[in-house]
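Q: Here the protein sequences line up with chains A and B, keeping their order.
The first sequence begins at 1 in the working numbering and counts up by one.
The second sequence begins at 1 in the working numbering and counts up by one.
Be aware that a few hints might be false.
[To be verified] Ranges between beta-carbon positions, derived for each pair: (1) A:Glu15 <-> B:Pro8: 41 to 51 angstroms; (2) B:Asp59 <-> A:Gln9: 16 to 26 angstroms; (3) A:Gly40 <-> B:Leu114: 20 to 30 angstroms; (4) B:Gln56 <-> A:Ser26: 15 to 25 angstroms; (5) A:His38 <-> B:Asp59: 18 to 28 angstroms; (6) B:Leu114 <-> A:Gln14: 33 to 43 angstroms.
Note that these hints are calculated values from the structure, not bench results.
Computed from a predicted structure; not experimentally measured.
Backbone N, C-alpha and C define an ideal beta-carbon position, used for all residues, glycine too.
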Amino acid sequence: KNEVEQSPQNLTAQEGEFITINCSYSVGISALHWLQQHPGGGIVSLFMLSSGKKKHGRLIATINIQEKHSSLHITASHPRDSAVYICAVPPRGTGNQFYFGTGTSLTVIP
Amino acid sequence: DGGITQSPKYLFRKEGQNVTLSCEQNLNHDAMYWYRQDPGQGLRLIYYSQIVNDFQKGDIAEGYSVSREKKESFPLTVTSAQKNPTAFYLCASSRAGIRTDTQYFGPGTRLTVL
């Protein structure tokens, strides 16, 4: 049983397309993180959010705490957006356990 | 430049040997973490440390050991007791407890057991 589920697992898009990656979780949380892992393996944090919506450039993240669901949107996708996107949740009240999704591998074709 | 460094980037080990992976940060972060990543699986927590001279086991600590003698350093030793050590290892740090702050990741070390 995975506490964090992401969909789709793999996604191929044409440059310029609007992209949505979904994350559903089953545990109570204080915040949700979206991470980006580049082909070389390095990971950067994109967003941490606990409610509503956050926007950074062409990236938008939303969360619905009641429905235990978050989405990451990429507008006007570009080949440099090709990466693995990972959803992660630090559950409330369980010490320092951090649950990670298995990631969504995005490829944007020129 | 502030950040986290891991070395080496690639590491090869013979079965039965212990190996130590380095993780250094100059972000003045209190908390540091070690994760393991395998293909098709999410990151799994090996060990974490909230403060110098203190650390706790994560989900998959068996076969691993750590130390936290300095705030900026959190080395991970993969011992011969780890049955399947071939994986990608990531170190991370954050300002506060894991629930409240963004984590900053190092570039990773890819360990291969021959």
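Q: Taking the hints in turn, state whether each one holds.
A: We went through each hint and held it up to the structure:
About 36 angstroms separates the C-beta atoms of A:Glu15 and B:Pro8, a value inconsistent with the hinted range of 41 to 51 angstroms. A hinted range of 16 to 26 angstroms for the beta carbons of B:Asp59 and A:Gln9 is consistent with their spacing of about 22 angstroms. Roughly 23 angstroms separates the CB atoms of A:Gly40 and B:Leu114, a value that falls within the hinted 20 to 30 angstroms. Range check, B:Gln56 to A:Ser26: Cβ separation about 24 angstroms, and the 15 to 25 angstroms hint holds.
Taken as a hint, the range 18 to 28 angstroms holds for the pair A:His38 and B:Asp59, whose Cβ atoms sit roughly 25 angstroms apart. Between B:Leu114 and A:Gln14 the Cβ separation comes to about 42 angstroms, which falls inside the hinted range of 33 to 43 angstroms.
In this structure, only the earlier hint numbered 1 is contradicted, and the remaining ones agree with it.
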